[in-house]
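Chains X and L: place on chain P using the hints.
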Amino acid sequence: MPLVRKPPSQAPATVASPAPIEGTSEQRWAAVRDAAERPDGLALLADALSREGARDGDPRVREAIFTSLARLATPESAAVVVPYLRSDDANLRTGAIDALRAMPLACLSHLPALLRDGDADVRLLSCELARELPDEEANRLLCELLERETEKNVCAAAIEVLAEIGRPEAVPSLVRCAERFAGDPFITFSLKVATERIAAPARDRQ
Amino acid sequence: MSEVEPVSPEELRAICEFLYRRTGMLFTEAKRYYVQRRISDRMNALGIAPFRTYFAYLRSDADGEVEKFINAFTINETYFYREDHQLRCLSSDLLAERVRAKRPGEMLRIWSVPCATGEEPYSIAIWLLENWPQVDVQDIEIIGSDIDTQCTAAAAEGEYGARALMRLSPQLVEKYFVPVGKDRWRVVPELRQSVQFSSANITKASETRQHGIFDVIFCRNVLIYFDDASRRVAAENLFEALAPGGFVCLGHTESMSRISPLFDVRRFRDAIVYQRPHAGGKGGGSNG
Amino acid sequence: MAETASKRILVIDDASLVRRYYREALEQAGFEVDEALNGVEALEKLLAEPADLLIVDVNMPQMDGFTFLRSLRRQAAPIASIPALVISTEAGPHDQRAARSAGANFYLVKPVAQDVLVQHVAIMCGLPA
Numbered sequence: 001m002p003l004v005r006k007p008p009s010q011a012p013a014t015v016a017s018p019a020p021i022e023g024t025s026e027q028r029w030a031a032v033r034d035a036a037e038r039p040d041g042l043a044l045l046a047d048a049l050s051r052e053g054a055r056d057g058d059p060r061v062r063e064a065i066f067t068s069l070a071r072l073a074t075p076e077s078a079a080v081v082v083p084y085l086r087s088d089d090a091n092l093r094t095g096a097i098d099a100l101r102a103m104p105l106a107c108l109s110h111l112p113a114l115l116r117d118g119d120a121d122v123r124l125l126s127c128e129l130a131r132e133l134p135d136e137e138a139n140r141l142l143c144e145l146l147e148r149e150t151e152k153n154v155c156a157a158a159i160e161v162l163a164e165i166g167r168p169e170a171v172p173s174l175v176r177c178a179e180r181f182a183g184d185p186f187i188t189f190s191l192k193v194a195t196e197r198i199a200a201p202a203r204d205r206q
Numbered sequence: 001m002s003e004v005e006p007v008s009p010e011e012l013r014a015i016c017e018f019l020y021r022r023t024g025m026l027f028t029e030a031k032r033y034y035v036q037r038r039i040s041d042r043m044n045a046l047g048i049a050p051f052r053t054y055f056a057y058l059r060s061d062a063d064g065e066v067e068k069f070i071n072a073f074t075i076n077e078t079y080f081y082r083e084d085h086q087l088r089c090l091s092s093d094l095l096a097e098r099v100r101a102k103r104p105g106e107m108l109r110i111w112s113v114p115c116a117t118g119e120e121p122y123s124i125a126i127w128l129l130e131n132w133p134q135v136d137v138q139d140i141e142i143i144g145s146d147i148d149t150q151c152t153a154a155a156a157e158g159e160y161g162a163r164a165l166m167r168l169s170p171q172l173v174e175k176y177f178v179p180v181g182k183d184r185w186r187v188v189p190e191l192r193q194s195v196q197f198s199s200a201n202i203t204k205a206s207e208t209r210q211h212g213i214f215d216v217i218f219c220r221n222v223l224i225y226f227d228d229a230s231r232r233v234a235a236e237n238l239f240e241a242l243a244p245g246g247f248v249c250l251g252h253t254e255s256m257s258r259i260s261p262l263f264d265v266r267r268f269r270d271a272i273v274y275q276r277p278h279a280g281g282k283g284g285g286s287n288g
Numbered sequence: 001m002a003e004t005a006s007k008r009i010l011v012i013d014d015a016s017l018v019r020r021y022y023r024e025a026l027e028q029a030g031f032e033v034d035e036a037l038n039g040v041e042a043l044e045k046l047l048a049e050p051a052d053l054l055i056v057d058v059n060m061p062q063m064d065g066f067t068f069l070r071s072l073r074r075q076a077a078p079i080a081s082i083p084a085l086v087i088s089t090e091a092g093p094h095d096q097r098a099a100r101s102a103g104a105n106f107y108l109v110k111p112v113a114q115d116v117l118v119q120h121v122a123i124m125c126g127l128p129a
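Chains as they are written, first to last, in my numbering: chain P, 1 to 206; chain X, 1 to 288; chain L, 1 to 129.
Mixed in with the good hints, there may be bad ones.
[What the hints assert, rightly or not] Here are the simulated DMTMM-like pairs of lysine to aspartate or glutamate, each with C-alpha atoms no more than 20 Å apart in a straight line:
#1 X:K68 to X:D136
#2 X:K204 to X:D228
#3 X:K68 to X:E190
#4 L:K110 to L:E44
#5 X:K182 to X:E207
#6 P:K192 to L:E27
#7 L:K110 to P:E151
#8 X:K68 to X:E106
#9 X:K31 to L:D34
#10 P:K152 to L:D34
#11 P:K192 to X:E29
#12 P:K152 to P:D135
#13 P:K192 to P:E151
#14 P:K152 to P:D117
#15 X:K204 to X:E190
#16 X:K175 to X:E157
#17 P:K152 to P:D184
#18 P:K192 to X:E3
#19 L:K110 to P:E179
#20 X:K31 to L:D115
#21 P:K192 to L:D115
#22 P:K152 to L:D14
#23 P:K192 to X:E10
#24 X:K175 to X:D228
#25 P:K192 to P:E169
#26 P:K152 to P:E128
#27 L:K110 to P:D121
#28 X:K204 to X:D148
#29 X:K31 to L:E32
#30 X:K204 to P:E37
#31 X:K204 to P:E179
#32 X:K31 to L:E27
#33 P:K192 to L:E24
#34 L:K110 to L:D95
#35 L:K110 to P:D184
#36 L:K110 to L:E90
Don't read these hints as lab results, they were simulated from the structure.
Next up, chain P with everything else stripped away, as it sits in the complex:
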C-alpha cells in the first residue's frame, strides 16, 4: 500500500566544533551554540561577541552568542552582556536586552547600577529587567528610580512595569511622578492606570 518508507536508522557523525572565532558563519554559529557546554565557554563567548559585535559580524551568530550567554544565566554571563546595552548599534542593544531578559535572576546584582547609569537609554532598557524579579525588590528599585528620574521616557518605562507588578507601597512615588509630569498626557494616563491597578480591586469581599 504505502510508499511511505521506514528508513534504515542513521545517526549523523557529531562534528567537533572549532573555536568560535574562526570559520564560515555556519561554523561560527555552531561553535558558539556549543560553547555553553564547555568549561571555558564564558570566555569563548565573550571573545566571540566582541568579534561579531563589530560591523562585519553576522547577526545570526550574534543572536546565538546571546542565547548561549542567556543559557549560562550567571551574574558573570550577564556581566558580559551588560556593556552592549550602551552600543551605538541598535541591534546589539536589542540583542543585549533580550538576552538579559532571558536571565532575570542573573541580572539582580547588576540592576541597581544599571538603573543609575548615566545613559538614559540604559536606564530605560533596564526597567524591563525588574519585571521578572521578586516583587518587593523590583518595586523598591523602580520607586527609587522614579524619585530621582528626570527623563520622561525612562519614567514611562518604569511605570509600564509597575502597572503589572506594582504594590501599594509604590503609590506615593507614582503620585509624586504624576505631579512632576502633569503636562504630559501619556504619562498622566499611565500613572492613572498604574495607580488604579494597584489600588484595585473590584469589590473585595473577604
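Same frame as chain P, but now just chains X and L:
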C-alpha cells in the same frame, strides 16, 4: 467550590497583558467570561484569594503555575487530523516547494516533534496517502519524537480510542485501522511501520542533531510553554534541523514573534508557516 | 460615525500602556483596533488579515519601526501599501525624512494627545476629522 470574586476591568487587563506577552494570545474585555472562568478555576484549585495574590503567585511561576495557567487557554486534546489546515498546506504548497528543491531520488523528511502518542505523525502519513498525488513516486520519511518515552512507546503500538479518531471518516478508519477490542482501534501494520518513533528533547542540540535534516517540522503547542532562554535554544535547534528553505509549523495560536528572528514568515492559503531562509539569505526575521 | 466602524487599525508598540492609550482613543472614536508588540508579530497579523492603517512606534526593540516599515513595503499587495502613521520621540527634519524614506505616510512626535491621534487617523482614513 468557593465563589471567586469577578476581577475588575483593570485586573483583567493586567492578567491578559501578561498572557499576551508570554504567548501572543490576546484577550480583551469582550472575552471576560472566558478568561474569568480560567482564573477562577486556578484560584479555586490552589485555594488562593484574592486575585492580586494569585496574580503575584502566577508571575513568580511558583510550582509551574505559568504552564498550568497557559494550559487552561490552549486546547490540549490530541486527535487525528487536528489543525488539518496545516495538513492541507503541507500537501498543497509546502511539499511542492520542497520537491523542487531536492535532487531526483532524494527523500523528503518530515518531523513531528513533540509527537505525544503519535496522532500527529500518523495523521501526516494518512493525509499524504489520501491527498498528495505524488505520494506514490516520492519517498517520504516521517519521524515522530517526544521527550516522554512512554508516549513514544504507545505511539509505536498505535492503539487509539474513539475520541482520537473522531475527525476521521468511517472510510478512513476502515482503511487504516483494525478494531482491537471495545472502542479501540489499531493502526494497520503497514502504516505503523512507515513511521519511526524516537526520543528527543528539543532544547538539547545533542538530541535534535541525531535526527538529521528535515524538509518540514511540525512543532505544535510546546514552545508556548518554554521560558525565553529555552525557547531560543529550541528555535535554534529546529533551525539547525531544517534544510535551507525548509518549513516549521507551529500551533495556530503560536507565533515566532516571541521566539526567534531566525525564520521568515510565509503566508499560504491554508496556513502561516515559518521558513528557514535559503542558502545565501541572511535570515533576519523579516520577510524578503 | 458609521464609517469608522469598518476601519481596522493595527497599533504596534512594545509598551502595553501606549497600546492601551491609543486603543482607548480609537475605539471611542468607533475604530476597530488590534495590537502587536513588535514588528515581527505585526507582519504575521497583517499576513493573516490586512489592516486599514498602522500606527507604528519608531523606537521598538527587536525590530525598530523603520525596519518594520521597510519590510512591510516589500510585501505583496495589499499589505505593502497600508498607510502608516509613525510615532517617534524625535522631532528633527532628519528623522522625518528617514521616516518618509522608510515608508511612513505621516509622522507625529510624542507625547501625542489622544484627540490629536484620532484626528490624524481619521484624516488618513479619508474620514471627516
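Given pair status - X:D228, X:K175, alpha carbons within 20 Å:
violated, 43 Å
Take the C-alpha atoms of X:K68 and X:D136, compute the straight-line distance between them, and say whether it is at most 20 Å.
Not satisfied, since the Cα-Cα distance of roughly 43 Å exceeds 20 Å.
Take a quick look at whether P:K152 and L:D34 sit within 20 Å of each other, Cα to Cα.
violated, 27 Å
Given hint L:D34 paired with X:K31 - CA-CA distance at most 20 Å:
Roughly 14 Å between the alpha carbons, so the hint for X:K31 and L:D34 holds.
P:K192 paired with P:E151 [C-alpha distance capped at 20 Å]:
This hinted pair holds, its Cα atoms lying about 19 Å apart.
So if I understand the rule, the pair passes when the alpha-carbon distance is 20 Å or less; does P:K192 with L:E24 pass?
Between P:K192 and L:E24 the Cα gap is close to 14 Å, so the pair holds against 20 Å.
Is L:K110 within 20 Å of L:E44, Cα to Cα?
violated, 26 Å
Assess, step by step, whether the Cα of X:K204 is no farther than 20 Å from the Cα of X:E190, and give holds or violated.
violated, 32 Å
Please work out if X:K204 and P:E37 have their alpha carbons no farther apart than 20 Å.
It holds: about 11 Å lies between the C-alpha atoms, which stays within 20 Å.
Take a quick look at whether L:K110 and P:E151 sit within 20 Å of each other, Cα to Cα.
Between L:K110 and P:E151 the Cα gap is close to 13 Å, so the pair holds against 20 Å.
Is the Cα-Cα distance between P:K152 and P:D135 20 Å or less?
Distance ~23 Å between P:K152 and P:D135 Cα, so the pair is violated.
Check whether the Cα positions of P:K192 and P:E169 lie no farther apart than 20 Å.
Holds. P:K192 to P:E169 sits at ~16 Å (cutoff 20 Å).
Figure legend: structure checked against the earlier numbered hints; hints not met, in rising order: 1, 3, 4, 5, 8, 10, 12, 15, 18, 20, 24, 31.
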